[in-house]
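Quick note, the sequences are listed as chains A and B, same order. Be aware that the first sequence starts at 6, since it is given in the working numbering, and climbs by one per residue. Be aware that the second sequence starts at 126, since it is given in the working numbering, and climbs by one per residue.
Think of the hints as simulated: they come from the structure by calculation, not from any bench. Since the structure is predicted, the reported quantities are computational estimates derived from the model, not experimental observations. Where a beta carbon is used, it is the ideal one built from N, C-alpha and C, also for glycine. Some clues are possibly wrong.
Stated by the list, open to error - Derived DMTMM-like pairs (lysine to aspartate or glutamate); straight-line CA-CA distance at most 20 angstroms: (1) Lys127(B) <-> Asp155(B); (2) Lys51(A) <-> Asp61(A); (3) Lys112(A) <-> Glu167(B); (4) Lys245(A) <-> Asp164(A); (5) Lys112(A) <-> Asp240(B); (6) Lys150(A) <-> Glu77(A); (7) Lys216(B) <-> Glu160(B); (8) Lys51(A) <-> Asp171(A); (9) Lys131(B) <-> Asp217(B); (10) Lys51(A) <-> Asp164(A); (11) Lys131(B) <-> Glu175(B); (12) Lys235(B) <-> Asp163(B); (13) Lys127(B) <-> Glu160(B); (14) Lys131(B) <-> Asp111(A); (15) Lys131(B) <-> Glu167(B); (16) Lys245(A) <-> Glu57(A); (17) Lys235(B) <-> Glu167(B); (18) Lys150(A) <-> Asp61(A); (19) Lys131(B) <-> Asp182(B); (20) Lys16(A) <-> Asp155(B); (21) Lys112(A) <-> Glu141(B); (22) Lys58(A) <-> Glu244(A); (23) Lys245(A) <-> Asp111(A); (24) Lys127(B) <-> Glu167(B); (25) Lys116(A) <-> Asp163(B); (26) Lys235(B) <-> Asp111(A); (27) Lys16(A) <-> Glu318(B); (28) Lys235(B) <-> Glu318(B); (29) Lys116(A) <-> Glu203(B); (30) Lys116(A) <-> Asp229(B).
As the list claims (entries may be wrong) - Derived Cβ-Cβ restraints for the label pairs, each shown as a range: (31) Asp150(B) <-> Ala210(A): 43 to 49 angstroms; (32) Arg271(B) <-> Ile100(A): 39 to 45 angstroms; (33) Gln314(B) <-> Thr147(A): 53 to 59 angstroms; (34) Phe41(A) <-> His145(B): 22 to 28 angstroms; (35) Thr366(B) <-> Gln114(A): 39 to 45 angstroms; (36) Ala210(A) <-> Ala274(B): 14 to 20 angstroms; (37) Thr240(A) <-> Arg271(B): 58 to 64 angstroms; (38) Tyr47(A) <-> Ala274(B): 45 to 51 angstroms; (39) Glu68(A) <-> Glu318(B): 53 to 59 angstroms; (40) His145(B) <-> Ala210(A): 40 to 46 angstroms.
Spelled out, the chains give:
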Amino acid sequence: MPPVATPTLVKTPRSTRSTIALKLVMAVSGLLFIAFTLVHMYGNLKAFSGQEKFNDYAHHLRELGEPILPYEGFLWITRVGLLVALVAHVTAAVILARRAGAARRDKYQVKRNVASSLSSRTMRWGGATLLIFIIWHLINFTAGKVNPQTGETGDAAGDPYSLLVDTFSVWWMTIIYLVAMLALAFHLHHGTWSSIQTLGYTNTASSRARAKQAGWLLAIVIAGGYSLVPLAVLTGIIEK
Amino acid sequence: MKLTLKIWRQANASAEGAVHTYELDGVSQDMSFLEMLDLLNEQLLTTGEEPVAFDSDCREGICGTCSLMINGQAHGPEVTTTCQLHMRSFKDGDTITIEPWRADSFPVVKDLIVDRSAFDRIIQSGGFISANTGSAPEANSVPAPRDKAQRAFNVATCIGCGACVAACPNGSASLFLGAKITHLGELPQGQPERYGRVTSMVAQHDHEGFGGCTNIGECAAACPKEIPLDVISQLNKDLRTAMFKGF
Chain A
6 MPPVATPTLV KTPRSTRSTI ALKLVMAVSG LLFIAFTLVH MYGNLKAFSG QEKFNDYAHH
66 LRELGEPILP YEGFLWITRV GLLVALVAHV TAAVILARRA GAARRDKYQV KRNVASSLSS
126 RTMRWGGATL LIFIIWHLIN FTAGKVNPQT GETGDAAGDP YSLLVDTFSV WWMTIIYLVA
186 MLALAFHLHH GTWSSIQTLG YTNTASSRAR AKQAGWLLAI VIAGGYSLVP LAVLTGIIEK
Chain B
126 MKLTLKIWRQ ANASAEGAVH TYELDGVSQD MSFLEMLDLL NEQLLTTGEE PVAFDSDCRE
186 GICGTCSLMI NGQAHGPEVT TTCQLHMRSF KDGDTITIEP WRADSFPVVK DLIVDRSAFD
246 RIIQSGGFIS ANTGSAPEAN SVPAPRDKAQ RAFNVATCIG CGACVAACPN GSASLFLGAK
306 ITHLGELPQG QPERYGRVTS MVAQHDHEGF GGCTNIGECA AACPKEIPLD VISQLNKDLR
366 TAMFKGF
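The shape of chain B in the complex, shown without the other chains (with noise of 0.2 angstroms):
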C-alpha cells in the first residue's frame, strides 16, 4: 500500500505546530497503525528527520497509552485502540490525517504525544476505595449481586485512555467519569465514600478545564472499551444524591 500522511508536528509545548505531509510506500495490510508510524520513523531517519513522537506500550489494547486522532476519529475508524487498528482498514492510496487529542486539559507535549495527567489527577482526588492493609480479607465475606458485579466489571475495562474527550465537542470527561464513578459505586466496598467520591472527582474534572456533558454520545462511540453512556446518567444521579446529602 501507498499511503499520504498528514501528520501534526509540533517540537514541544511551547512551539508552534503544523501539519506536514509524508508519502509513504510499501504498507501492509497486515500491520499495525502504529507499526505503520514505525515505518514512517525508520523512512525518517534515513533522510535525517526528526521521528514523529506517538505514545504506546503494551501495543494489545489493554493499557490506554496509545491515542491518535485518526481522520478526525479518536482511535480510527474500528472500535479498538490505535494500536490494535490494522492497515487493512485502509485502502491504498488513501490520505490519513493524523492528530493528537485536543482539549486544553491535554495539553500536546510533542508532535501526537498529550499530557494525560489531568485523567490522574482525578483518580487522586476520589477513584479510589479506602482500605486498611492487611492479609487480603476473606472473598466471600462481602457478597456482591451478580448484576452490580457484572456491570462494575464491565465499566472497570475503562483503560483512561481519553478518547471519549477527543471525540466530545465539549472537551469533556464525563464517560471516564461515569465509567470510574460506576466502576466503585456498584459494590459494597465503593459505598463508604461513595457521594464524597462522586464530588471530589467532578469539581477535579471541572477543575482541570474539562468541559460539561451534552449528552450527544459522541464519547460513547469512541471509546474502545465501549463503555455505554448509561455510566454518565449514573455519574449525574450520584451528584444528585450527593447534592441532596450535602456534600
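The shape of chain A in the complex, shown without the other chains (with noise of 0.2 angstroms):
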C-alpha cells in the first residue's frame, strides 16, 4: 500500500498559525528595516557637509526628544525596536526555510529556474551575509567603537566623523562595505516587492509592476546612497 502524504484534514485551522502569518512578520518587520535604511542613509550623507554638521547631527540624536525622552532616549527606543524586527525577521525566516527545505526533500536532477531573479533566489544567502554585516558594522561603529587604523576603541577611536573617515581610508574595511551594500542591494530588490505582495497590495498586474519598479528604485537608492560615502573617502572628497 503506497504512503499517502497526510491522510488527515486540520481540525481547528487558526490564521494566526499559518506560513502566511510568518510571511506578514516578515513582512512588516521588513518595511521597518527600509524605513530605517532611509533615515540612516540620510544621516551618512551628512559627512558630505564636513566634520562639524556631521558630528553634530550624531550629537543632536542622542538629545532627540528632550526633554520629554531622556538623553539618548530616541536612540534606544530605535535600537529596541530594531532589535525586536530583527529578531522576528530572523526566526520567521528560519522556520520558513526549514519549511521549505522540507517540502522537497528528493531534489531535481534538472531544475530550471525561468522567471525567478537572481535577488529573490538569494534571499537566505544574502540575508546571512546582511546579519554577520550588521554584527561587523556595530563593533566598529556603535558598540565597540574600533579604529581599524589606530587600533583604538571607545572615545579614543575619535569622533564620529574620523572615526568614518579612518575606517573608509583602509582599502578592506571599503570592500567589507561595498559587499555589503552589494547584498542590501539584492535584499531590497526582491524584499521590497516581496513584502507589498505578502500584505495582499498587489492585486493586479499593473501595481505588481509597481511594487518591482519600487524594489529597483529602493535598492539603487539604498545602496547607491550608502555607498556614496566610502567611495568619497576613497576618492578624497570627504576627508579630515
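Since each chain sits alone in its own frame, please combine them into the complex, following the hints.
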C-alpha cells in the first residue's frame, strides 16, 4: 500500500498559526528596516557637509526628544524596536526556510529557473550575509567603536566623523562595506516587492509592476546612497 | 527524430528510484509528448521491460491529470500541459530528462506518477460553497459585477495539476490556493464562508507539508493555465483580513 502524504484534515485551523502569518511578520519587520535604512542613509550623507555638521547631527540624535525623553532616549527606543524586528525577521525566516527544505527533500536532477530573479533566489544567503555585516558594523561604529587605523576603541577611537574617515581609508574596510551594500541591494530588490505582495497590495498586474519598480528604486537609492560615503573617502572628496 | 530519454524509474513508493537512459527512434514532430512516451512503451514491451508509468487522462489540456518535469521545467518548455506539448518543440538528437513532480506532499507512487491527493484534501477543507439543494435558483437573482465575474472565471481555469508546486523551490502550493481563494472570493456566493475558507485551506496546505511562498514567480511561469501571481496577493490579503476577524 503506497503511503499517503497526510490523510487527515486539520480540525482547528488558526489563521495566526499559518505560514502566511510568518510571512506577514517578515513583511512588516522588513518594511521597518527599509524605513530605518532610509533615515540612516540620510544621516550618513551628512558626511558631505563636513566634520562639524556630521558630528552635530550624531550628537543631536542623542538629544532628540529631550526633555520629554531622557538623553539617548530616542536612540534606545529605536535600538530596541530594531532588535525586536530583527529577532522576528530572522526567526520567521529560519522557520520558513526549514519548512521549504522539508517540502522537497528529493531534489530534481535537472531544474531550470525561468521567471525568478537572481535576487529572489539569494534572499536566504543574502540575509545571512547582512546579519554578519550588521554585527561587524555595530562593533566597528557603535558598541566597540574600533578605529582600524589606530587600533583604539571607545572615545579614544575619535569623533564619529574621524572614525568614519579613518575606517574607509583602509581599503579592505571599504571592500567589506561595498560588498555588504551589494547584498543589501539584492535583498531590497526582491524584499520590497515581496513584502508588498505578502501584505496583499498587488492584486493587479499594474500594481505588481509598480511594486517591482519600487524594489529597483529602493535598491539603487539606498545601497547607492550608502556606497557614496566610502567611495567619497576613497577618492578624497571626504577627508579630515 | 531520434531522442535520448533519461527517465526516472521507481518500482513503487518505497523502492529506490534511479534515472534510466533509453534511445528512441522514429519520433514524429506531430506526436504529442505523451504519444512519444506511448511509442517508448511499445518499444519497451518488445524488449520485455516494464513500461514507464505516467499519468494522463483527457489529453486535451483540460483535466490536469498529466504532469512530468521535462528538462527541469514543469510541463516542459511551452506554456501548456504535457499532453498538449508536441515534439516539434524538440530537435532531432535531443536528450530529454523526464522526472516526476518533486515534493514531499506529492509522494511518488510509481515511475512518473505522484499522489496528488493533498490537493483534494485542501479542496475538501474549504474549496467549495455551501448551498441548499433543490431546483436551480434564478440566474439573475444574485448579480455579480462583470469585472469580478471575469477574474473569478479566469482563475477558475486552474486544473489542479500541481505544476506550481513542482516549479516552486519551496514546494509551495500558494498559486493553487490563491486561484481557489480568488475564484470563490470574487463571487457573491463565496462571501458567507470567505474568511473561514481561507483559514482552513491555508491550514490544510501547511499541514500537508507544502512550503511557504517567497514570491519568486516560478509557479506562474509554469502554470499551463497562466494563472497570474496576483492571486497569491489576494490569498495573502484574505488571510490577513481573516486574522483581524479572529479566524
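- Can you let me know if the beta-carbon spacing of Thr366(B) and Gln114(A) is within 39 to 45 angstroms? Holds - the Cβ-Cβ distance for Thr366(B) and Gln114(A), about 42 angstroms, lies within 39 to 45 angstroms.
- Query: Taking only the CA atoms, is the gap from Lys131(B) to Asp111(A) under or equal to 20 angstroms?
  - Reply: Holds - the C-alpha atoms of Asp111(A) and Lys131(B) are around 17 angstroms apart, at most 20 angstroms.
- Message: Given the hinted pair Lys216(B) and Glu160(B), is their Cα-Cα distance within 20 angstroms?
- Response: OK: Lys216(B) and Glu160(B) at ~16 angstroms, within 20 angstroms.
- Message: What's the verdict on Lys235(B) and Asp163(B), does the C-alpha distance respect the 20 angstroms limit or exceed it?
- Response: holds, 16 angstroms
- Query: Taken at face value, is the distance from the CA of Asp182(B) to the CA of Lys131(B) at most 20 angstroms?
  - Reply: violated, 23 angstroms
- Message: Against the 20 angstroms threshold, does the CA-CA distance of Lys150(A) and Asp61(A) hold or violate the hint?
- Response: Roughly 18 angstroms between the alpha carbons, so the hint for Lys150(A) and Asp61(A) holds.
- Query: Does the structure keep Lys51(A) and Asp61(A) at a Cα separation of 20 angstroms or less?
  - Reply: holds, 10 angstroms
- Message: Holds or violated: Lys116(A) and Asp163(B), Cα atoms, limit 20 angstroms.
- Response: Given pair Lys116(A), Asp163(B) is violated - Cα atoms ~24 angstroms apart, limit 20 angstroms.
- Message: Would the hint linking Lys116(A) and Glu203(B) be met if the CA-CA limit is 20 angstroms?
- Response: holds, 15 angstroms
- Does Glu77(A) lie within 20 angstroms of Lys150(A) when you go C-alpha to C-alpha? The given pair, whose Cα atoms are some 17 angstroms apart, holds under the 20 angstroms limit.
- Between Lys51(A) and Asp164(A), is the straight-line Cα distance small enough, at 20 angstroms or below? holds, 14 angstroms
- When you check the alpha-carbon spacing of Lys235(B) and Glu167(B), does it fall within 20 angstroms? holds, 18 angstroms
In the structure shown, a violation is registered for the earlier hints numbered 3, 19, 20, 23, 25, 28 and 34, in ascending order.
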